[in-house]
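Each chain, letter by letter, is given below.
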Amino acid sequence: MAGSNEVNANESKMVVPLNTWVLISNFKLAYNMLRRPDGTFDRHLAEFLDRKVPANATPVNGVVSFDVLIDRPNNLLARIYRPAPSTASAAPLLTDLYRAPSSDPFPVIIFFHGGSFAHSSSNSAIYDSLCRRFVSLCGAVVVSVNYRRAPDHKYPCAYDDGWAALKWASGEPWLRSGKDAKLRVFLAGDSSGGNIAHHVALRAAESGIEVAGNVLLNAMFGGNCRTESEKRLDGKYFVTIQDRDWYWKAYLPEGADRDHPACNPFGPKGVKLEGLPFTKSLVIVAGLDLVQDWQLAYADGLKKAGHFVKLVYREQATIGFYLLPNTNHFYQVMEEIKNFVGSNLL
Amino acid sequence: MKRGHQDILHGGGGWYAVAPEMERGKRKTTMGAAEEGGDVDELLAALGYKVRSSEMADVAHKLEQLEMAMVSSAATNDDALLSHLASDTVHYNPSDLITWVDNILSELNAPPPPLPTPQSLPSADAYDLEPLPALPAPATPLVLGSDPQSEVAPSPRDRKRMKVCSSPPSSSTTTDAATSAAAALPVVVVDSQEAGIRLVHALLAGAEAVQQDNLKAADALVKQISLLATSQGGAMRKVAGYFAEALARRIYRPQPRGGVGCCSFDSVAFDDMLHMHFYESCPFLKFAHFTANQAILEAFAGCRRVHVVDFGMRQGMQWPALLQALALRPGGPPSFRLTGIGPPQPDNSDALQEVGWKLAQLAESIRVDFRYRGFVAASLADLEPYMLLDQDADGGGGGKDEEPEVVAVNSVFELHRLLARPGALEKVLGTVRAVRPRIVTVVEQEANHNGGTFQERFTEALHYYSTMFDSLEGGAAAAGADDGGPDQALSEMYLGRQICNVVACEGAERTERHETLAQWRGRMDRAGFEPVPIGSNAFKQASMLLALFAGGDGYRVEEKDGCLTLGWHTRPLIATSAWRVAAPAEDPLSALAAR
Chain P
1 MAGSNEVNAN
11 ESKMVVPLNT
21 WVLISNFKLA
31 YNMLRRPDGT
41 FDRHLAEFLD
51 RKVPANATPV
61 NGVVSFDVLI
71 DRPNNLLARI
81 YRPAPSTASA
91 APLLTDLYRA
101 PSSDPFPVII
111 FFHGGSFAHS
121 SSNSAIYDSL
131 CRRFVSLCGA
141 VVVSVNYRRA
151 PDHKYPCAYD
161 DGWAALKWAS
171 GEPWLRSGKD
181 AKLRVFLAGD
191 SSGGNIAHHV
201 ALRAAESGIE
211 VAGNVLLNAM
221 FGGNCRTESE
231 KRLDGKYFVT
241 IQDRDWYWKA
251 YLPEGADRDH
261 PACNPFGPKG
271 VKLEGLPFTK
281 SLVIVAGLDL
291 VQDWQLAYAD
301 GLKKAGHFVK
311 LVYREQATIG
321 FYLLPNTNHF
331 YQVMEEIKNF
341 VGSNLL
Chain U
1001 MKRGHQDILH
1011 GGGGWYAVAP
1021 EMERGKRKTT
1031 MGAAEEGGDV
1041 DELLAALGYK
1051 VRSSEMADVA
1061 HKLEQLEMAM
1071 VSSAATNDDA
1081 LLSHLASDTV
1091 HYNPSDLITW
1101 VDNILSELNA
1111 PPPPLPTPQS
1121 LPSADAYDLE
1131 PLPALPAPAT
1141 PLVLGSDPQS
1151 EVAPSPRDRK
1161 RMKVCSSPPS
1171 SSTTTDAATS
1181 AAAALPVVVV
1191 DSQEAGIRLV
1201 HALLAGAEAV
1211 QQDNLKAADA
1221 LVKQISLLAT
1231 SQGGAMRKVA
1241 GYFAEALARR
1251 IYRPQPRGGV
1261 GCCSFDSVAF
1271 DDMLHMHFYE
1281 SCPFLKFAHF
1291 TANQAILEAF
1301 AGCRRVHVVD
1311 FGMRQGMQWP
1321 ALLQALALRP
1331 GGPPSFRLTG
1341 IGPPQPDNSD
1351 ALQEVGWKLA
1361 QLAESIRVDF
1371 RYRGFVAASL
1381 ADLEPYMLLD
1391 QDADGGGGGK
1401 DEEPEVVAVN
1411 SVFELHRLLA
1421 RPGALEKVLG
1431 TVRAVRPRIV
1441 TVVEQEANHN
1451 GGTFQERFTE
1461 ALHYYSTMFD
1471 SLEGGAAAAG
1481 ADDGGPDQAL
1491 SEMYLGRQIC
1501 NVVACEGAER
1511 TERHETLAQW
1521 RGRMDRAGFE
1531 PVPIGSNAFK
1541 QASMLLALFA
1551 GGDGYRVEEK
1561 DGCLTLGWHT
1571 RPLIATSAWR
1581 VAAPAEDPLS
1591 ALAAR
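Top line first, the protein sequences correspond to chains P and U.
Counting from 1, one number per residue, gives the positions in the first sequence under the numbering used here.
Counting from 1001, one number per residue, gives the positions in the second sequence under the numbering used here.
Since the hints were made in silico from the structure, they are not lab data.
Treat the hints with caution; some may be incorrect.
What the hints assert, rightly or not - Here are the computed lysine-lysine pairs in the BS3-like style, where the Cα-Cα straight-line distance is at most 30 Å:
{"hint": "1", "chain 1": "P", "residue 1": "Lys-28", "chain 2": "U", "residue 2": "Lys-1062"}
{"hint": "2", "chain 1": "P", "residue 1": "Lys-231", "chain 2": "U", "residue 2": "Lys-1062"}
{"hint": "3", "chain 1": "P", "residue 1": "Lys-231", "chain 2": "P", "residue 2": "Lys-28"}
Claimed, not checked - So, partial list: chain P residues that the calculated Cβ filter (under 10 Å) puts toward chain U:
{"hint": "4", "residue": "Asn-32"}
{"hint": "5", "residue": "Asp-42"}
{"hint": "6", "residue": "Lys-52"}
{"hint": "7", "residue": "Ser-65"}
{"hint": "8", "residue": "Asn-123"}
{"hint": "9", "residue": "Asp-259"}
{"hint": "10", "residue": "Pro-325"}
Unchecked claim - Stretch-level coverage of chain P by chain U, calculated; a stretch enters the list once three of its residues show a Cβ under 8 Å from a Cβ in chain U:
{"hint": "11", "segment": "18-24"}
{"hint": "12", "segment": "68-80"}
Backbone N, C-alpha and C define an ideal beta-carbon position, used for all residues, glycine too.
Take the sequences, apply the hints, and build the full model.
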C-alpha cells in the first residue's frame, strides 16, 4: 500500500465530512474482515453486520416500498419503491400498490445496488435510502434487484438476475405509462451495480428491448493492466488495488483474468457495440476513485461506438459520496440524474 | 443493605420501582446516556448506525487505530489477526458503532485471560448447540459447525457485554423506533397475479366493512372471498380461508363467550399437539429455542448452580439441547434446576410432571444433576417470586460455600398473552425482577397485532400470516414434496387459531396480542430491564441451522439492535431478545446485586 497509513487517513479525512468518513471507513474495515485470503467470503458475518430495513407500505416522505418475489426458483426478490398511492392515507391496499402512480409518462428505474458484487442487498439501509430518494427525485418507480452475489454466485448470475428483473418489469401492466402504454425503463447502479446495468443494457440492445437510459454511478470496471489512477490513488481513499483484485477474482469465472469482457467491456475481449441500439448513458465518475481511468475509458468506448454519453466528473469526490446527503457532490449529481431521466422519458 | 425489588435508587441510570403504579415519567435511559451530551448523528441513524455527534471524532480515531492494527498485521503477512477478527471474535450490535469498534480493539489489546480453574473456563464447544429433535432423544450430540472459536473466559466477555449496554443510543431512539416501527407495514408479495390481489382486496374490504359496522356488506364480502379463494392455490387460498372464517365469526358472534369456536377453551393437549407439529414442520420454534439457549448458555458460563424458569413448558422441547450443551461443558455441567409453568389441564392429567420426569431421565443418562418443579398457573400473573426462588438453598447440601443459583427466565410466545389484561405484564415482569435473573430470554412474533383499529390489525395480520403460510409452502416445495403432509396441515391449523383469535376476539379473550420488537423494547425498558445483545456466533449458528433445514433458502436471520430475527424472505417473523435487570453502571453495589 502506498504511503504511510497516517497520511492516508489524514488525506481522506480532508475531502469528506467526518460522518461520511466514519461510515465508509467502517465499511472498509468490516469488509476487510469478510474477505478471506483464500478467496472465500464470510457470508454469515457479512449478513450479521449489514444494516437492513424492512419494506414499508406505509408512506414515509411520500414513498412506499414492498418486496416482490420475481423468480421463485432462485429466490430472486426485488424491492419496489413508488410514490405513495394518492388514495391511501394509512396503509394502502395491495391493489393501490399495483396501480400506476400516474397516467402521464413516468420512469421505471431498475436499480442494481453496489457492493463489488459481494456485499449488500436490496434491503440494505444505505440502498433503501438511495432508492427512496430516486423516487422523490424523478417521480419514478424504482425496482431494486436483490441479485445473487459473489463468490457464492459468480458471473453471470448477477447479469442473469438483472435480465430477469427487466423481463419481469416488461410484463407488469402497471409499470407502463403514457398514451402509448410503454415501459419507460432506465437501468441504474453504483459500483458493481453500474457494471450490471451496462451488461443488462447490452443484452437488451441485443434482444430489441428498448431501454430509455443508463445511469452509472462510480461503476465497477477493470482490466489486467494497472492504470495511472489505480497506481496513484491505491489505498488513499478507502479503496485498494488489492481489494479490487479480490472482488474480480470472486466474481469472474475460475481462471479468467481481468480482461474478461464482464470486467473490461472495451478491452481486447470486449463485445463490439457499433450498430447496436445501445441506450444513452449518464456516467458519473468520482475524481478520487482509483478505478476512474477504467470508467473514463468506458465512457470513451461508448462514444467511439457511436453512443450517447454524458460524463459527469466530480473532481474531489470519493467513492460512496452519494450515500449521505451532505455534500455538493451529492446534490449536484442527484440533479444530473434527475435531468437525465427527465429528458429521456420519451 | 438488602435490596428488595421495591427499592428505588437514583443515580446515573436509576432503578425503576416494580410496582406498576409508579410513573415511569419522562426519564428513560437505563445507563445514563441521556445525561451525557449529544444527539445521534441523524444521517448515520438513517443508515442504521447510532453514533452521537459528540463522539464522531472519537469513533473516527478508533477506526484509524483498528486500521493500523490490521494493516500492520497484513504487512507482516500475518493473516492470523484478520482471521481472528473475523471468525473468532464475537461481534455484538453493529449499529452501536463506537462499542463495536471498542470491542474489536479490546480483542486486539486484551491481555491474555487469567489462567482459569477448569470449572470456570468454557471452551468454544460449550457454545455450540446442536439442534435436537423433540423428546426423547438422548442421542450422541452433533456438534454444529466446525469453526473453532477462541476460548473466552467469562469475565472479559461480561465486561465487554457491560460496555455494550452502557452505550447510548436507546431510550429516546427506542421510543422513536417504537412509534415509527409501530406504523411500518412490511409487505412481501409472493403472488402478484391478478386473482391473488383481488382476493386480498376483498379481505381488506371485508375488514373495513366490519370496522364501519356495515355487517351486511361485510357478510357479502365474506361470501365473495370464499368464492375467490377457491380459484387460488397454495398459501393464499388457505390464509384467505382462515381470515374469512374469522371475519364470519366476528360478524355473527360479536361477543364470543367461552366455549365458542376458535376462542374456546380447547384441550391443552390438542394445543400442545398442534404446537409440536408446528415445531416439526418449520424452523421458527427451533430457532427460538436455539437462540434463547445460546443466550442462556453464555449467561450461565462459569456458574455451578443454575435455574431455568420456563414460562411455557408444554412438552419441554427446548431443554434437551440445553442439557446436552451443559453436559458437554469442560469442567462438567452445573447442577441444573428447571421450573416449568403450564396451564391447568381440564382432564386433570399431570402433563407438567410427566415432561419433567422425561427430562429427568435424559439428565440422568447424560449425568447432569437435575431438579424439576412444575407449576400450574392459569396465568403467569398468578406467579409469585417465592414460588420461583430456591427454597432448598438453606437446606441440604451446600453449606456456607454454596454458590447462589443463577437464574434464567425463558418466555417463548408467552408474554403477549398478558397484554389481554391490564397490569398483568407489569406484575409478571415484577416477579421476574424479584428473582434477580442473570438473563431473561424472550421470543415473540415480530408484528403489531395489538394496536390501532380493528382494520389496521387485520391488515397487519393478513400480511404477516400470508408470509407465514408462504414459508410453510416454501419449505414443503423445497423439500420436493407436493405438500408438507400432516405436519404442514396441522401447522396451518396452529396458525389458523391465532388468526381467529386476532380477528374474531376482543377483550380478555384476545390473547394473541403480538407486538413488535421495538414495542417490547419499550416495555422491557420501562420495567427496568436492559438488553443483552446476542452476538454473531449465535447468528452464524442459527443461519447454519437453517441451511440444514429443507426449504432453508427463503428463511433469513437478521440482526437488529442486539436481537435476532427469523423471517421469510425479507419479512422478519419472530424475534429473540435477551435481557437482564438494569443497573446503574457506576454503582458497584447494584452491579453485584444484579449478578
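Hints not upheld, ascending by number:
9
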